[in-house]
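**Q** With the sequences and hints as input, model every part of the structure.
4 protein chains.
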Amino acid sequence: MTEKSLTRNDFHMICVTATRWADNDMFGHLNNAVYYQLFDSAINGWTIESTGSNPMDSTCIPVVAESSCKFFREVSFPGLLEIGLRVHRLGTSSVVYELGLFAADADGQRVEEVAALGRWVHVYLDRASRRTAPIPDAVRDLLAPLL
Amino acid sequence: MTEKSLTRNDFHMICVTATRWADNDMFGHLNNAVYYQLFDSAINGWTIESTGSNPMDSTCIPVVAESSCKFFREVSFPGLLEIGLRVHRLGTSSVVYELGLFAADADGQRVEEVAALGRWVHVYLDRASRRTAPIPDAVRDLLAPLL
Amino acid sequence: MTEKSLTRNDFHMICVTATRWADNDMFGHLNNAVYYQLFDSAINGWTIESTGSNPMDSTCIPVVAESSCKFFREVSFPGLLEIGLRVHRLGTSSVVYELGLFAADADGQRVEEVAALGRWVHVYLDRASRRTAPIPDAVRDLLAPLL
Amino acid sequence: MTEKSLTRNDFHMICVTATRWADNDMFGHLNNAVYYQLFDSAINGWTIESTGSNPMDSTCIPVVAESSCKFFREVSFPGLLEIGLRVHRLGTSSVVYELGLFAADADGQRVEEVAALGRWVHVYLDRASRRTAPIPDAVRDLLAPLL
Numbered sequence: 001m002t003e004k005s006l007t008r009n010d011f012h013m014i015c016v017t018a019t020r021w022a023d024n025d026m027f028g029h030l031n032n033a034v035y036y037q038l039f040d041s042a043i044n045g046w047t048i049e050s051t052g053s054n055p056m057d058s059t060c061i062p063v064v065a066e067s068s069c070k071f072f073r074e075v076s077f078p079g080l081l082e083i084g085l086r087v088h089r090l091g092t093s094s095v096v097y098e099l100g101l102f103a104a105d106a107d108g109q110r111v112e113e114v115a116a117l118g119r120w121v122h123v124y125l126d127r128a129s130r131r132t133a134p135i136p137d138a139v140r141d142l143l144a145p146l147l
Numbered sequence: 148m149t150e151k152s153l154t155r156n157d158f159h160m161i162c163v164t165a166t167r168w169a170d171n172d173m174f175g176h177l178n179n180a181v182y183y184q185l186f187d188s189a190i191n192g193w194t195i196e197s198t199g200s201n202p203m204d205s206t207c208i209p210v211v212a213e214s215s216c217k218f219f220r221e222v223s224f225p226g227l228l229e230i231g232l233r234v235h236r237l238g239t240s241s242v243v244y245e246l247g248l249f250a251a252d253a254d255g256q257r258v259e260e261v262a263a264l265g266r267w268v269h270v271y272l273d274r275a276s277r278r279t280a281p282i283p284d285a286v287r288d289l290l291a292p293l294l
Numbered sequence: 295m296t297e298k299s300l301t302r303n304d305f306h307m308i309c310v311t312a313t314r315w316a317d318n319d320m321f322g323h324l325n326n327a328v329y330y331q332l333f334d335s336a337i338n339g340w341t342i343e344s345t346g347s348n349p350m351d352s353t354c355i356p357v358v359a360e361s362s363c364k365f366f367r368e369v370s371f372p373g374l375l376e377i378g379l380r381v382h383r384l385g386t387s388s389v390v391y392e393l394g395l396f397a398a399d400a401d402g403q404r405v406e407e408v409a410a411l412g413r414w415v416h417v418y419l420d421r422a423s424r425r426t427a428p429i430p431d432a433v434r435d436l437l438a439p440l441l
Numbered sequence: 442m443t444e445k446s447l448t449r450n451d452f453h454m455i456c457v458t459a460t461r462w463a464d465n466d467m468f469g470h471l472n473n474a475v476y477y478q479l480f481d482s483a484i485n486g487w488t489i490e491s492t493g494s495n496p497m498d499s500t501c502i503p504v505v506a507e508s509s510c511k512f513f514r515e516v517s518f519p520g521l522l523e524i525g526l527r528v529h530r531l532g533t534s535s536v537v538y539e540l541g542l543f544a545a546d547a548d549g550q551r552v553e554e555v556a557a558l559g560r561w562v563h564v565y566l567d568r569a570s571r572r573t574a575p576i577p578d579a580v581r582d583l584l585a586p587l588l
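Residue numbers (the numbering used here), protein chains in the order written: chain A, 1 to 147; chain B, 148 to 294; chain C, 295 to 441; chain D, 442 to 588.
I should point out that these hints are in silico values taken from the structure, not numbers from a laboratory.
Glycine included, each C-beta is placed from N, C-alpha and C at the ideal position.
Be careful, since some hints might not be right.
With a cut-off of at most 16 Å between alpha-carbon atoms, the simulated EDC-like pairs for lysine to aspartate or glutamate come out as follows [claimed, not checked]:
#	chain 1	residue 1	chain 2	residue 2
1	D	K445	D	E553
2	C	K298	B	E150
3	B	K151	B	E213
4	A	K4	A	D107
5	B	K151	C	E360
6	C	K298	C	E406
7	C	K364	C	E392
8	B	K217	B	D284
9	B	K217	B	E260
10	A	K4	D	E507
11	B	K151	B	E260
12	D	K445	D	E507
13	C	K298	C	E360
14	B	K217	C	E360
15	A	K70	A	E98
16	C	K364	B	E150
17	B	K151	B	E259
18	A	K4	A	E112
19	D	K511	A	E49
20	A	K70	D	E507
21	C	K298	C	E407
22	C	K364	C	E407
23	D	K445	A	E66
24	D	K445	D	E539
Counterexamples of contact, computed for chain D against chain B with all Cβ distances above 10 Å [to be verified]:
#	residue
25	E490
26	N495
27	G520
28	T533
29	E554
30	R571
31	L583
32	A585
**A** Below, the structure written as structure tokens:
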């Protein structure tokens with residue numbers, strides 16, 4: 001199966017999000033940096049809500065070591081988008097996510113194939129020392145079953 | 148009734164939107180500029196979807212002549228927000244909107260009182276000449292009944 | 295003198311900033327929310343650099359209680375902008391700023407008159423309790439001479 | 442030479458940009474999506490200013506087919522950043538850029554090594570049909586000498 005033919009069923013979790021007026025750039029479609037905002041929000045929103053952690057005072061914080069995105073179809077405001085998330089690899093202090101962005105067509109019908117495919121490497125750091133730290137247990141317990 | 152005690156019922160239309168990781172600033176709450184992004188999206192999303200206009204090629208475009216916001220309660224990612232919209236004044240080429248931002252509390256219960264109150268002046272311009280133009284009929288037909 | 299005829303000389307401090315591709319919206323000009331990002335950055339950048347405070351651990355934090363902006367001329371990416379700042383009122387725990395946004399014209403010549411005029415109310419809060427707190431001495435010492 | 446040891450001298454062109462208050466996320470450093478905004482702005486600002494093209498009405502438009510970034514060092518508001526740009530590959534309708542983000546350290550001294558390294562694939566499309574189109578001559582004339 002090619003990357004372009006991935007569907008919502010290929011992801012563990014789907015979250016819905018809304019587009020904003022300012023997401024569209026001068027070409028009338030979502031600016032590429034917005035995809036990264038949405039991937040970030042899907043990962044962090046899900047882990048924060050699932051583990052009850054507080055990003056303002058947690059001992060360990062996930063920072064992005066590497067990210068990438070392939071853009072297959074244009075999407076635009078207004079309308080909802082869905083972000084699919086799956087765990088590709090789980091290490092001692094890092095995790096690799098894959099993310100799919102799904103949209104509706106001009107008639108409002110959900111398009112089956114992925115509009116963009118992202119890859120995301122989170123490395124956990126100790127907040128104070130900024131040194132690599134083990135993934136917190138609550139996060140590991142959330143991610144491990146998804147492998 | 149004071150502004151702080153406005154509720155969802157004081158607005159004509161409510162739309163739901165999602166917060167993003169990057170909406171929170173270093174103080175752990177929504178950055179003030181994000182409120183304006185959300186108000187913009189509520190107004191433009193609603194008028195685009197209701198009138199079927201295309202912001203990339205419409206003859207007349209709404210530009211913001213003035214905006215303001217009063218911030219009553221902190222809100223933050225993750226979670227959904229609701230934006231209420233009402234029409235305060237409708238002129239020949241300008242319209243004044245009032246917008247309320249509504250949130251849930253830490254337990255996920257919807258808070259009745261408005262978290263922020265915005266005011267928004269849209270002036271319609273001819274796209275090419277950038278001169279003031281009458282509000283398009285489709286937009287006027289949408290807004291007039293709300294007065 | 296009218297607001298529209300304010301010039302750089304009417305402000306205490308001018309800082310230069312750069313526009314970004316994604317600042318322009320579908321109408322080819324700076325989205326209105328970006329002006330608030332730039333005002334925020336001018337105020338906070340100046341107070342942080344002048345006082346040496348760290349927004350991640352300072353005891354008191356400034357939060358926006360109210361903001362507004364009047365938009366007089368369109369500005370757009372690419373190019374530099376200048377933000378002028380002056381102190382309008384200094385209270386025990388709040389400060390009112392006025393901000394002017396200045397641009398260059400299509401030929402790259404600086405336009406004398408202000409393109410947008412903002413008003414900004416910062417209220418200082420205790421970071422932990424979120425209760426109103428006196429403006430920190432270092433900030434007051436910075437602002438008071440500007441009145 | 443490793444990627445982490447690239448310096449400003451490894452890039453054809455350097456442009457300076459400014460950080461914003463809202464660029465920092467809850468961890469007190471630049472949110473990863475902001476890097477993509479800055480890369481986008483460096484590429485598009487340079488090509489627009491060098492060729493005199495207008496992104497609102499040009500026949501061909503560059504869209505991002507793929508992008509990626511490796512993050513080596515944290516950077517944060519306030520302060521200036523420098524973006525280095527070089528052309529990695531130039532095809533008939535696509536171009537691959539490499540981008541380096543450079544910062545200053547806590548004492549304001551320019552750090553020699555790159556803080557983040559981006560890769561960017563622009564594909565030119567016909568604005569109306571959204572089909573692949575040859576890179577415009579003015580852009581090709583700008584990029585070819587840099588190979």
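**Q** For each hint, tell me whether it holds in the structure or not.
**A** Hint check:
Our distance criterion of 16 Å between C-alpha atoms is met by K445(D) and E553(D), whose separation comes to about 10 Å. With a C-alpha separation of about 30 Å, the suggested pair K298(C) and E150(B) falls outside the 16 Å cut-off, and the hint is violated. The straight-line distance between the Cα atoms of K151(B) and E213(B) is roughly 21 Å, outside the 16 Å bound, and the hint therefore fails. With a C-alpha separation of about 21 Å, the suggested pair K4(A) and D107(A) falls outside the 16 Å cut-off, and the hint is violated.
A distance of roughly 13 Å separates the Cα atoms of K151(B) and E360(C); the hinted pair therefore holds under the 16 Å criterion. Under the criterion of a C-alpha separation no larger than 16 Å, the hint pairing K298(C) with E406(C) is consistent with the structure, at around 10 Å. For the proposed pair K364(C) and E392(C), the alpha carbon gap of about 11 Å is at most 16 Å, so the pair holds. Our distance criterion of 16 Å between C-alpha atoms is broken by K217(B) and D284(B), whose separation comes to about 32 Å.
Taking the CA atoms of K217(B) and E260(B), the gap is about 13 Å. The hint holds against a cut of 16 Å. The straight-line distance between the Cα atoms of K4(A) and E507(D) is roughly 13 Å, inside the 16 Å bound, and the hint therefore holds. Proposed proximity of K151(B) and E260(B) is supported: the alpha carbons are some 7 Å apart, at most 16 Å. Distance check on the hinted pair: K445(D) and E507(D) sit about 21 Å apart at the alpha-carbon level, beyond 16 Å; violated.
Between K298(C) and E360(C), the direct Cα distance comes to roughly 21 Å. Violation of the 16 Å bound is thereby established for this hinted pair. Restraint check for K217(B) and E360(C): the C-alpha separation of about 4 Å stays at or below 16 Å, so the hint holds. A hinted pair counts as satisfied when its Cα atoms are at most 16 Å apart, and K70(A) with E98(A) qualifies at roughly 11 Å. Restraint check for K364(C) and E150(B): not satisfied, since their Cα atoms lie roughly 22 Å apart, outside the 16 Å limit.
At roughly 10 Å between alpha-carbon atoms, K151(B) and E259(B) fall within 16 Å of each other, so this suggested pair holds. Using a Cα cut-off of 16 Å, the hinted pair K4(A) and E112(A) holds, with the two alpha carbons roughly 10 Å apart. A hinted pair counts as satisfied when its Cα atoms are at most 16 Å apart, and K511(D) with E49(A) does not qualify at roughly 27 Å. Among the hinted pairs, K70(A) with E507(D) is consistent with the structure: their alpha-carbon atoms are about 4 Å apart, no more than 16 Å.
Distance restraint check for K298(C) and E407(C): the Cα-Cα separation of roughly 7 Å lies within the 16 Å cut-off, and the hinted pair is therefore satisfied. Under the criterion of a C-alpha separation no larger than 16 Å, the hint pairing K364(C) with E407(C) is consistent with the structure, at around 13 Å. A threshold of 16 Å between alpha carbons decides the hint, and for K445(D) with E66(A) the separation of about 13 Å falls inside it, so the pair holds. Using a Cα cut-off of 16 Å, the hinted pair K445(D) and E539(D) holds, with the two alpha carbons roughly 13 Å apart.
At roughly 22 Å, the least C-beta separation between E490(D) and chain B is larger than 10 Å, which holds for a residue marked as non-interface. The non-interface label for N495(D) is consistent with chain B: the shortest C-beta to C-beta separation is roughly 14 Å, beyond 10 Å. Look at G520(D): its CB is around 15 Å from the nearest CB on chain B, clear of 10 Å, so calling it non-interface holds up. With 10 Å as the threshold on Cβ separation, the claim that T533(D) sits away from chain B holds: the shortest Cβ distance comes to roughly 27 Å.
For E554(D), the requirement that its beta carbon stay farther than 10 Å from each beta carbon of chain B is met, with the minimum near 26 Å. The beta carbon of R571(D) is kept farther than 10 Å from every beta carbon of chain B, the shortest such distance being approximately 13 Å. The claim that L583(D) is not at the interface with chain B holds, since no C-beta of that chain comes within 10 Å of its own (minimum 27 Å). No Cβ of chain B approaches the Cβ of A585(D) within 10 Å, the least distance being about 32 Å, so the stated non-interface status holds.
Going down the numbered hints, you'll see the structure goes against 2, 3, 4, 8, 12, 13, 16 and 19, while the others check out.
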